[in-house]
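Sequences and hints are given; from them, build the entire structure.
Quick mapping for you: the protein sequence lines, in order, are chains A and B.
Counting from 2, one number per residue, gives the positions in the first sequence under our numbering.
Counting from 2, one number per residue, gives the positions in the second sequence under our numbering.
These are computed hints drawn from the structure, not numbers from a lab.
Mimicking DSSO-like on lysine-lysine, the simulated pairs with C-alpha atoms at most 30 Å apart in a straight line are:
hint : chain 1 : residue 1 : chain 2 : residue 2
1    : B       : Lys30     : B       : Lys138
2    : B       : Lys11     : A       : Lys11
3    : B       : Lys202    : A       : Lys202
Predicted model only: the values in this text are computed from it and were never measured.
Now for the letters of each chain:
Protein chains: 2
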Amino acid sequence: MEPFRVIEVKESILADNNADADALRARLKTQGTFLLNVMSSPGAGKTCTLKRTIAALRDELRIGVMEADIDSDVDAAAILETGARVIQLHTGGMCHLDADMTRQGLAELGTDGLDLVILENVGNLVCPAEFDTGAVKNAVILSVPEGHDKPLKYPLMFEVADVLLINKTDVLPYFDFDLDKVVEYARLRHPGLEIFPISAKTGEGMERWFDWLRARVGEWKQ
Amino acid sequence: MEPFRVIEVKESILADNNADADALRARLKTQGTFLLNVMSSPGAGKTCTLKRTIAALRDELRIGVMEADIDSDVDAAAILETGARVIQLHTGGMCHLDADMTRQGLAELGTDGLDLVILENVGNLVCPAEFDTGAVKNAVILSVPEGHDKPLKYPLMFEVADVLLINKTDVLPYFDFDLDKVVEYARLRHPGLEIFPISAKTGEGMERWFDWLRARVGEWKQ
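Here it is as structure tokens:
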């Protein structure tokens, strides 16, 4: 038996997703649980970033994680090592999570006593941006090897993001990646976007991200 | 004015996509035009791979390119440098191309006299795998920085692929990427899958890919 549960989440056919998302957020506010939705392309480093984030904050916040994937449980297994409460959501081929799928996941995870739940969305820079999951904030991770032109090509993802983590800065010397340009392009989409260059592998630059997240969780609980 | 046309392609509401795809393939067979559908995550190196491929084959094959993106024309502009006939398709937010959108693009590109048309699909490792575009063969590019676990997490993409290019081998020393494992995982999804490790940046390993593509185009024209 797996040391974490694997949940098959189903899309709600009749749902008004925006209404579902608002209702979910209102309930999370009452409970004092902050939900962070983390989105990126496949392989941008969501799970690695989460592992470092949990390790940094676990002594001050009670944290749960929902790992969403089309298939496989490798991410939930990786998160389990951090000691966080974790479940794996399987989307049955679906390319994103909506608010009702997120609600199903939260019901299985159990939010009682949790300060922060992190939803690792399906690796996809297109579809997850179209569906409000009910999260309080949306984080997008863009990794250096993907190139600095991505905010031009995938505009909606950068519009809905509250914070952009530019990951894998440790390999900047090996790629033609212009940090100034990606900041410029991303702020064209969302002028107030918070941007933190990080390396989830080495830990470089991550303190400012931890501070940002810690402050948002604190505000939500007031 | 742009030196290439930008086409807004629309999804057909009533379409039977599989029937549309079969009809498109039959027409391409009659014309002797080979359509290659190239899919990958954002930033895996589709455009860079295409530029090298066109440069290698342009003296023996007449090549056209359709660049599909949600927004921006940066890829069509890059391909234009190769001298190939190129158009930019904008999907209006859509996360994939279907057979009718591909047909609209081919009608605008004009296939007369072309041996090979390359469709660069939207950067997305999920949705494009679900829609037969009418292409003769499907190529998937997975890049080293994305990690070797991707065939486990995105099974359908590797099932529908005829050929897998493992790109960015020039940065293998800087990533925890296991080439043997990715081959094992990909062949779990598709036992007969052709796999070529390449670096589109340095050109390393690309001759076998050119040979494969050249042979497939030759077969199609018989």
